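S.K.: Build the full structure now, drawing on both the sequences and the hints.
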Amino acid sequence: MQKAYTNIIQIAGDVITVEAEGVGYLDIAQITTRRGVSLAQVIRIDSKKISLQVFAGTRGIATGDKVRFLGYPMRVATGENLLGRIFNGSGVPLDHGPVLSDGLIDIGAPSVNPVKRIIPHKIIRTGIPMIDVFNSLVESQKLPIFSIAGEPYNELLARIAIQAEVDIIIVGGMGLKYDDYLFFKETLNAHGALSRCIFFIHTASDPTVECLLVPDISLAVAEDFALKGKRVLVLLTDMTNFADSLKEISITMEQVPSNRGYPGDLYSQLAARYEKAVDFQGAGSITILSATTMPGDDVTHPVPDNTGYITEGQFYLKAGVIEPFGSLSRLKQQVNGKTRADHRTIMDTMIQLFASYRETLEKQSMGFQMSAWDEKLLKYGELFEKNMMSLKVNIPLEKALDLGWQILSDCFTSEETGIKLSIVQQFWPKK
Amino acid sequence: MEKIRIGQVIKVNANMVTVEVAGQIIQNEVAYIVHGQERLKAEVIRVRQNRAEMQVYESTQGLKAGDVVELSGELLSVELGPGLLGQIFDGLQNPLPALAEKCGFFLKRGVYLEALPDETQWDFTPLVEPGKKVLAGSWLGFVPEKIFKHYIMVPFALGGSLEVVNIATPGKYNLKQVIAQLRDSVGGLHDVFLQQIWPVKIPIQAYAEKLRPTEPLVTKMRLIDSLFPVNRGGTYCIPVVETLKTFPELLDPRTHKPLIDRTVIICNTSSMPVAARESSVYTAVTIAEYYRQMGLNILLLADSTSRWAQAMREMSGRLEEIPGEEAFPAYLESRIASFYERAGVVRLQTGATGSVTIGGAVSPAGGNFEEPVTQATLKVVGAFHGLSRERSDARKYPAIDPLISWSKYTGFVNPEYKEKCHSILQRSNEIAQMMKVIGEEGTSLKDYIEYLKGDFFDFVYLQQNAFDLIDEATSKERQIYLLEFICAILDAQYNLEDKASALHFFQSLRQLMRTWNSAEYNSSEFKTIESQISMFLETKLMKKDR
Numbered sequence: 057m058q059k060a061y062t063n064i065i066q067i068a069g070d071v072i073t074v075e076a077e078g079v080g081y082l083d084i085a086q087i088t089t090r091r092g093v094s095l096a097q098v099i100r101i102d103s104k105k106i107s108l109q110v111f112a113g114t115r116g117i118a119t120g121d122k123v124r125f126l127g128y129p130m131r132v133a134t135g136e137n138l139l140g141r142i143f144n145g146s147g148v149p150l151d152h153g154p155v156l157s158d159g160l161i162d163i164g165a166p167s168v169n170p171v172k173r174i175i176p177h178k179i180i181r182t183g184i185p186m187i188d189v190f191n192s193l194v195e196s197q198k199l200p201i202f203s204i205a206g207e208p209y210n211e212l213l214a215r216i217a218i219q220a221e222v223d224i225i226i227v228g229g230m231g232l233k234y235d236d237y238l239f240f241k242e243t244l245n246a247h248g249a250l251s252r253c254i255f256f257i258h259t260a261s262d263p264t265v266e267c268l269l270v271p272d273i274s275l276a277v278a279e280d281f282a283l284k285g286k287r288v289l290v291l292l293t294d295m296t297n298f299a300d301s302l303k304e305i306s307i308t309m310e311q312v313p314s315n316r317g318y319p320g321d322l323y324s325q326l327a328a329r330y331e332k333a334v335d336f337q338g339a340g341s342i343t344i345l346s347a348t349t350m351p352g353d354d355v356t357h358p359v360p361d362n363t364g365y366i367t368e369g370q371f372y373l374k375a376g377v378i379e380p381f382g383s384l385s386r387l388k389q390q391v392n393g394k395t396r397a398d399h400r401t402i403m404d405t406m407i408q409l410f411a412s413y414r415e416t417l418e419k420q421s422m423g424f425q426m427s428a429w430d431e432k433l434l435k436y437g438e439l440f441e442k443n444m445m446s447l448k449v450n451i452p453l454e455k456a457l458d459l460g461w462q463i464l465s466d467c468f469t470s471e472e473t474g475i476k477l478s479i480v481q482q483f484w485p486k487k
Numbered sequence: 015m016e017k018i019r020i021g022q023v024i025k026v027n028a029n030m031v032t033v034e035v036a037g038q039i040i041q042n043e044v045a046y047i048v049h050g051q052e053r054l055k056a057e058v059i060r061v062r063q064n065r066a067e068m069q070v071y072e073s074t075q076g077l078k079a080g081d082v083v084e085l086s087g088e089l090l091s092v093e094l095g096p097g098l099l100g101q102i103f104d105g106l107q108n109p110l111p112a113l114a115e116k117c118g119f120f121l122k123r124g125v126y127l128e129a130l131p132d133e134t135q136w137d138f139t140p141l142v143e144p145g146k147k148v149l150a151g152s153w154l155g156f157v158p159e160k161i162f163k164h165y166i167m168v169p170f171a172l173g174g175s176l177e178v179v180n181i182a183t184p185g186k187y188n189l190k191q192v193i194a195q196l197r198d199s200v201g202g203l204h205d206v207f208l209q210q211i212w213p214v215k216i217p218i219q220a221y222a223e224k225l226r227p228t229e230p231l232v233t234k235m236r237l238i239d240s241l242f243p244v245n246r247g248g249t250y251c252i253p254v255v256e257t258l259k260t261f262p263e264l265l266d267p268r269t270h271k272p273l274i275d276r277t278v279i280i281c282n283t284s285s286m287p288v289a290a291r292e293s294s295v296y297t298a299v300t301i302a303e304y305y306r307q308m309g310l311n312i313l314l315l316a317d318s319t320s321r322w323a324q325a326m327r328e329m330s331g332r333l334e335e336i337p338g339e340e341a342f343p344a345y346l347e348s349r350i351a352s353f354y355e356r357a358g359v360v361r362l363q364t365g366a367t368g369s370v371t372i373g374g375a376v377s378p379a380g381g382n383f384e385e386p387v388t389q390a391t392l393k394v395v396g397a398f399h400g401l402s403r404e405r406s407d408a409r410k411y412p413a414i415d416p417l418i419s420w421s422k423y424t425g426f427v428n429p430e431y432k433e434k435c436h437s438i439l440q441r442s443n444e445i446a447q448m449m450k451v452i453g454e455e456g457t458s459l460k461d462y463i464e465y466l467k468g469d470f471f472d473f474v475y476l477q478q479n480a481f482d483l484i485d486e487a488t489s490k491e492r493q494i495y496l497l498e499f500i501c502a503i504l505d506a507q508y509n510l511e512d513k514a515s516a517l518h519f520f521q522s523l524r525q526l527m528r529t530w531n532s533a534e535y536n537s538s539e540f541k542t543i544e545s546q547i548s549m550f551l552e553t554k555l556m557k558k559d560r
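For the record, the sequence lines run as chains E and W. Mapped onto my numbering, the consecutive letters of the first sequence carry residue numbers 57 to 487. Mapped onto my numbering, the consecutive letters of the second sequence carry residue numbers 15 to 560.
Simulated from the structure, these hints should not be mistaken for lab results. This structure is a prediction, so every number in the text was calculated from the model and none was measured. We put the beta carbon where it would ideally sit given N, CA and C, even for glycine. You can trust all of the hints, since none of them are fake.
In silico BS3-like cross-links for lysine-lysine, where the CA-CA straight-line distance does not exceed 30 Å: (1) K224(W) with K146(W); (2) K487(E) with K513(W); (3) K435(E) with K487(E); (4) K432(E) with K513(W); (5) K234(W) with K422(W); (6) K303(E) with K25(W); (7) K105(E) with K25(W); (8) K434(W) with K513(W); (9) K178(E) with K410(W); (10) K486(E) with K410(W); (11) K78(W) with K104(E); (12) K410(W) with K448(E); (13) K374(E) with K410(W).
Non-contacting residues of chain E with respect to chain W, defined by C-beta distances greater than 10 Å in every case (computed): (14) A60; (15) Y61; (16) V71; (17) R115; (18) A118; (19) K122; (20) V155; (21) G159; (22) E221; (23) T243; (24) K284; (25) G285; (26) P452; (27) K486.
M.R.: As structure tokens, then:
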């Protein structure tokens, strides 16, 4: 079975082609080169011509090097021993700790049967009003943060990770800057969260193919914990780098590109990862928060565009705040009906008025005279931005709702808000 | 029937395999790749000499060159019969709950279960006598299924006039028992079972004629029913709808039974193999057509047809076809058109009518309606409910933009009112645009009031609160009543001395109307608020000169 082959007939990009027989699609092989041993994965079979993507890259591979097929797909170790550890994209320790081989499982396991999912119903409180009040995060949700490069998306991810009530946090870094990796590690450590974290890190200087494995390996480990009843939060940053790696390999394989050079199956590839978010009936859950940078702040770029149709909404990070427009949690309705009776009213009314405030700002910038109504809106907008939108605000949901009523009553009369009378009678602050 | 032929895998590229076959190959026939203990379903999508290119409906992990392939000679088909209602299937009609029972949390590949359980006994009542002449689709008898009479029909595949030779007596039968025998015009005998098999990509046409859709489909959403109606048997498209995850628990307001009792869900999540996603819409529309043949009205919600189109693009890329616009295949438009063409109202041979209404969700990239899937869809549908980002940003729900939506159907409200509403919205929008340039102070009071009227109409009629038990669904009668009431408000002139008082007037009216919207129709509360509103209007109403 484990016969070694030595006739590599093509090396292009990070892909080699070797002549061999009886090889399974997506199986793993070991390549022994002068530089050491690297793993590779079968990505195409054409009779005897087997193409493999080489995790460590093809630099230095000789046509006569030995390729040994292992006869099984990519595997990863699982279990409590992983907690607090740091690995690269192919599961090799980066922290000088021991190599793990307990409870090996295949990565990229089959999809979850949709009827075995339960409807997400538990709110994850973050202390950030723009999330808790306006776009509640729900356990087992899959939600990306759309932002342009340079926005503090990693800070936001780390902050949510620290505050979220979950059992295990898995950080999957793709094309991460080394500084960012250290930032995650130090922040989580400073809050005593490191012992419930597992890192799978691919930095910008590592080989492309390893980047491709990060989401799969992170999610396979997460799935194993979730099946054992744990509530797992997976942070994936940055999924645009993952998509770019897909593009690189598919161009190397001479596939017909579809949109802006990305492969035709980009949507399915992203979906296969995001759909791992799940609340298992009678077991644990996986919640996925990812960062997706938008080249040129272009939301129609294939990566954010395809992502937006898979995930259950998105947080749109712009100018250091979560934009109320464009941000959306599609699952918020599952939870915000049972928090407090005024939650939905505050959520809708404040955003409606904030939209009017933005219009007034536009008018003001064009030099138009401000009516009494405009002045009210301006006052409101300012209070909203300062006390609700700023990421510095860190208050529980109930406090945030009370604050909402306070701001509304400071700026408007009740009929100006359009809130129906029964709610007004119950919640409008008495002067 | 074709006999089974054998082939051998020679290439594996993601979910496409190339198979060398000795003997003939049929385009679109189903094949099974034998891999160890597993048999993976695939479909022939291109033939080149003795090689068949197949899309595999499962993960291809581990497949090897040399694996054996069995070609079945049959097209991709579904089982049609009692027991479909309330079920949840994947795109290949695999029953997902039964699969979960067998395999647990995950979808184990290569496991195909009977779509309809064989052993269930159904209470059959015959409707015909031996000697009766029948056609494909004629009703031979019925069994009770949930709240319906499920008619057992002459298999759609049989042609010409047939004669009933035998028919089962009333009693309990399972799906594998013969309930009738038919003789065709050349003397051939055909057994009829409670279930029949039909290839999904071919429309069922066992009806007398196709009619024009004229009956409105009441959705109880004011914006749709009043301004952009859809007719039974019609087609419409809407960019992205919320998925119906809570469907099984919803109570049917009409029958007070769970809605799932008259629902079939075909569910193929995006992480499931792409080829099965492509077949989902066909499986769904075939089941819809089957129930239509019983004289029922079916609503098919396809969410999302863009995902379906992307599945086509993905396969087209693997086949290395020359890409069309945005790399979609050249046959995109014709595939979309032929899918929507399967909607319609038909008159059956019995004289009864049945319909399939198709509502397709499209998800245009970045909300750009110019992209190929949306454009191809708009050409063939009868109504378009265009969602807009601005409306959803401003929390104006439903976020259907009345300025870009359209409908070719008539609906039930007075066309004069409909006309009036459209023109008020149009005018209000023009003034709003103008105000952005010349400012509020540059706008005349008359124009400003017209602007407020449009805004008011939008707020109290078009917007509907899905979380308010009453406001979430507005009956046909209430819509007719409310629209007439509002049109009278919009027509009247008011004594409003300046813009501030005009704004205040409409804001107060808005609050009253919203409170009214959440009062039960014709209840005492409803009437109290109505007279409050009338009194409030009276205070500012400009009396006509005598």
